[in-house]
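Residue numbers (UniProt numbering), protein chains in the order written: chain A, 1 to 303; chain B, 1 to 553; chain C, 1 to 323.
There could be a bad hint or two in this list.
Said to hold, decoys possible - For lysine-lysine, the following DSS-like pairs were computed, each having C-alpha atoms within a straight-line distance of at most 30 Å:
1) A/Lys-57 x C/Lys-259
2) C/Lys-259 x B/Lys-115
3) B/Lys-252 x C/Lys-184
4) C/Lys-164 x B/Lys-302
5) C/Lys-164 x B/Lys-243
6) B/Lys-115 x B/Lys-61
7) B/Lys-115 x A/Lys-226
8) B/Lys-302 x B/Lys-214
What the hints assert, rightly or not - Derived DEER-like restraints, expressed as beta-carbon distance ranges:
9) B/Lys-243 x C/Leu-103: 42 to 48 Å
10) B/Lys-214 x A/Leu-54: 43 to 49 Å
11) B/Gln-533 x C/Leu-103: 31 to 37 Å
Calculated from the structure, these hints are not laboratory results.
Predicted model only: the values in this text are computed from it and were never measured.
A virtual CB, placed ideally from N, CA and C, is assigned to each residue, including glycine.
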Amino acid sequence: MAAVIKESRSDRIFLLLNYVYLAIALICVLYPLVYIVSASISSPTYVNSGEMWLFPKGITFEGYQRVFENQSIWQGYANTILYTVVGTLVNLLVTIPAAYALSRSDFVGRGFFMAMFLVTMFFSGGLIPTYLLVKNLGLVNTMWALILPGAASVWNIIVARTFFQSTIPKELQEAAHIDGCTNLRLFWKIVIPLSAPIIAVMALFYGVGHWNSYFNALVYLNDESKYPLQMVLRQILVLQEMTGSGIGAATSGEAAMAMNQRADSAALLKYAVIIVSTLPIIAVYPFLQRYFVQGVMIGSVKG
Amino acid sequence: MKGSFRTHSGSSTSFFQRFKAPRTATLVLSIVLGTSLLAGCSSGSSEPQVGSAESAANVNKEGFPIVKEKITLSMMGPDVGMQNWKDMPAFQEMEKLSNISFKFENPPLDSFETKKNLVFASGEYPDIFYASSLTQADEVNYGSQGILLPLEDLIDNGYAPNLKKVLDENPAIRKSITTPDGHIYSLPVINQQSIWYRSPMWYNGDFLEALNVKEADLPKTTEELYDLLVRFRDEDPNGNGKKDEIPLASVKLDDVRSWLLGAWGIYGEDIYNDANGKVHFARTEDGYREFLTYMNRLWSEKLLDHETFSQTPDQKKAKGASNQLGLFQDWHAYFTHGGKPTTKDPMFIPVKSDAVDKPAVAIHPGLSTGAFAITESNPAPEASLRWVDYMYSYDGAMLFDKGPEGLIYETVNKEDHTKKWKPLPSEYNSREDYRGTLTPNYGTPAPTLLSPDLQKGLKEDFDLWVDKQNEEKILAYDPQPPFPILYLTPEEQSEISSLRADMDTYIQQMEAKFVTGQEPLSGWDNYLATVKQMGSDRIIEIYQAAYDRWKNS
Amino acid sequence: MQKNMSDTVQVKGRSQASAQDKRHTFWKRISRNWELYLLIAPAFLYFLIFHYGPMYGIQIAFKNFLPARGITDSPWVGFDHFIRFFNSYYFWDLIRNTLTISLYQLIVGFPLPILLALAFNEIRNGWFKRTVQTVTYAPHFISVVVMAGIIVTFLSPSTGIIVKMIEWMGFSSPAFLTDPAWFKTMYVLSGVWQSTGWGTIIYLAALSAVDPQLHEAAIVDGASRWRRIWSINIPTIIPTITILLILNVGSILGVGFEKILLLQNPLNMSSSDVIDTFVYRTGLLNVQYSFSTAVGLFNSVVNALLLIAVNQVARKTSEHSLW
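Isolated chain A (complex conformation):
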């Protein structure tokens, strides 16, 4: 399409500058990332003394070994994938319809609903009443305690609503109504197919949220076999964090010694844990990118 037409000189310069800009951005971001990967397999002494600054030095795989010698890690992965998939589905089922309804200017009561949602962005009852609610609903120690209390985010609803408002042409809705198409049909047959980019973004935002979350698991889960990955990784890190300066009255000389041994791998673990926990979710991103390609949606309507 557009590429058929020859670029003008100024456009070529513009494009070149654009590439330079992106290349600089790439380098700025890449360096610390490489650093983290290197740090995860370098001897912590070199890392802390600044001698390791790009390539790994004093290579050791102890960090990864420590992570993977923990049997619960695979269970953790499985749990996290389950919670992420189910949780994200629930999020989308709540968010997308609500956002669409709110995007309709002919929706009576839209102001009321917006206000009601927005208030919760600022005011919340706090941890204890929420915990009591979840407990009284019988959700404690079930997967639903991680999913239902976070079934939607106002922020995401608003972002999705904005997308619908600015991309779904009003004409389309009115035409559909005149054709006698019901709202549900309109939503399902026309709006949803047009909204791949926003659905992809919402899935990503919510999915990443579920993937990274541990606090709800910490509060609501008692059974270790239900722990998501992040909780398992935290448990691995706990021991390392027990180190400190030995001020605690209860630590005996022996415990101090054990902690010192572990402190050496603490730094390693910190980096290894980042890699282990984020590689899968980073790998998902390139697959989602194709939904952001320009013209996907209008093209599909008009074409």
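Given chain A, put chains B and C in place with the hints provided.
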């Protein structure tokens, strides 16, 4: 504002009641009322009846098993991620002995605090808190509301013979674990092995050797210390030809402060009492100003690490590993240096200034509270107490310190408690890794009596060398704990916390500024006036009252 | 065309309507769109149950909360906690630091994802685009602890790579970690590094709505790339930009405490202490639910007022606003 919040909660109630089945309505009622229903059952009875004839009848006052009919209780304690508590040999052995089994709830150590607060708030208490680090505020608040049971009657009525013996022999411990309302709500860790109030400071043995300083010639005054630090700086003791030595290392001064303050007769870095029973606040003492002056001198002559206020403990350690540090704090010197235990690095000898005759040296108080508590939901308080009492005997302490006999150690002489290590199973990296799978008393404040006897025969040459260093460099200086372990009333507690919120921040900032010279020492009077205005005198007053109460109880 | 028609129909209807008819049309509008209530019902129920249900907890800001007594039975103390906060020695420092960090973050951090997204949008889909996009997105997943660790390591006066580079170029390096003047820059720029790539996602999605026919027509008219970005791409994402800006203003007093706490030290405290770190520290001394809730409530009220104000401005000056 207030009004509108009420409306919200009101509207949600009516919504529920209208749309949900009746069963849910009561449920909703309890949501809205919070824990008040539950609390209502317990509050009001200011002197709760502990135990019952029924629960007592099942308990043997002596020997094992503790209960005639097997019982199961729930226990909450922190998980350090080594082993599930139910699989620990110490608990399994104890269950066989006592006939009491447990259902465990073990949140990870770093989130234990959050979980503990939720448990209290939700009204679903475990029967027992074990190694739970209950704060003094927890005990005073929940104790007075009847959630934690008072234990003193059970102790005195023969359900805790071992503990009673310890308390009778050490009245100070009993004073320290009794709250202002006269009850004992939690049992302590009694630690007769610990000496260090803070981990000690150590000299770099390599540096001393290079400079030909013998252990007997180590500094004993602040001036001698200064001279040695100058030599560390100037004479290239690590022999690499570079001037990269850091004479005195520190992270935010928290590690070295209390050791050096002793040079001006100050026992602790915060609240401490002198021999006459007068309470002091270290940060407003003249000696503290002298300390700041001294540290500022070390700073300006590059004797104190210029990264003191920005570095992490890991970064300090890395400098130690590359042999740059002259004097530093750690549990053992080799933790910082890396490598194997060595007797080459001597312990810091307390130094004194001209202002005092001898340095003030702090020692571990040997006690921490809040390690064990029984809640109102416990159906068998007598049995629970007898269970934990075993931990205050030699055999029980041994079982929970090292696991059952024959795994990690074996007894050589039953009479004098001499033991020896058994070979380490190959799947473990160290004895401590193995020990962490045997018992919950690993890196957690568990209720027990840690007597020196527990280690008899198990000490290696290095441990004996450390003992000797302690003997010569700490115990020889007539050390005292800075301040006794004691309870504040809830009112005192909350007044102190609100006074200290700003004051601690201010003190911390000003210390860094004085030491680095951003604020000249001439600003001291100003500083003192500000701290006083923030309520330091009131803090001293509160602690003095608490101290007097403790002393006279 | 159809739009115009329906407008005329409406206008005609309105002019003829009596009061009764008006109510009639109101109900008609509701009944015609009853399915929209079905669509919003799950969200409505969710917010009602999980947000409004526990909302009674806010009262502890005006009480002295004792967990064992429960929320409703704890004693009232009125505005004590608020007064204590306002009377804090550091109150104005906290407000000033919080606001400056937030605004700094907004001014530097807000436009960058937009620029990056526009730049991405100009290049063809290929390995380069995919790589840059994925790489810039990755830092979002680095935990705060590791992030702070990297900052301290890179800026360490004795070994930090950035410090060494500055010295290698012949300058003397500022004390990034301890100089109060550098704290905010350090905090904001590291945040930009971490979140710019992530922030582009939403704009990329918005840009995908651009009609390719518009571009084709513009190219035929001889419009340069720059011109097309300016008059086609940017207007498309303006609604998203406006809404995000309003939402950002609505969280201006919430800076978050974790990263600041890890980078804070006694020497830079005068510029690094914010409301959230203050609350965290106060809470550490004693579990002070009530005090934290009170400060949180104060933050919320201010944030909500700011959001309302900004939204009013947006309503007056543009056609995009929250309501």
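Any of the earlier hints contradicted here, and which numbers? Structure breaks hint 6 only.
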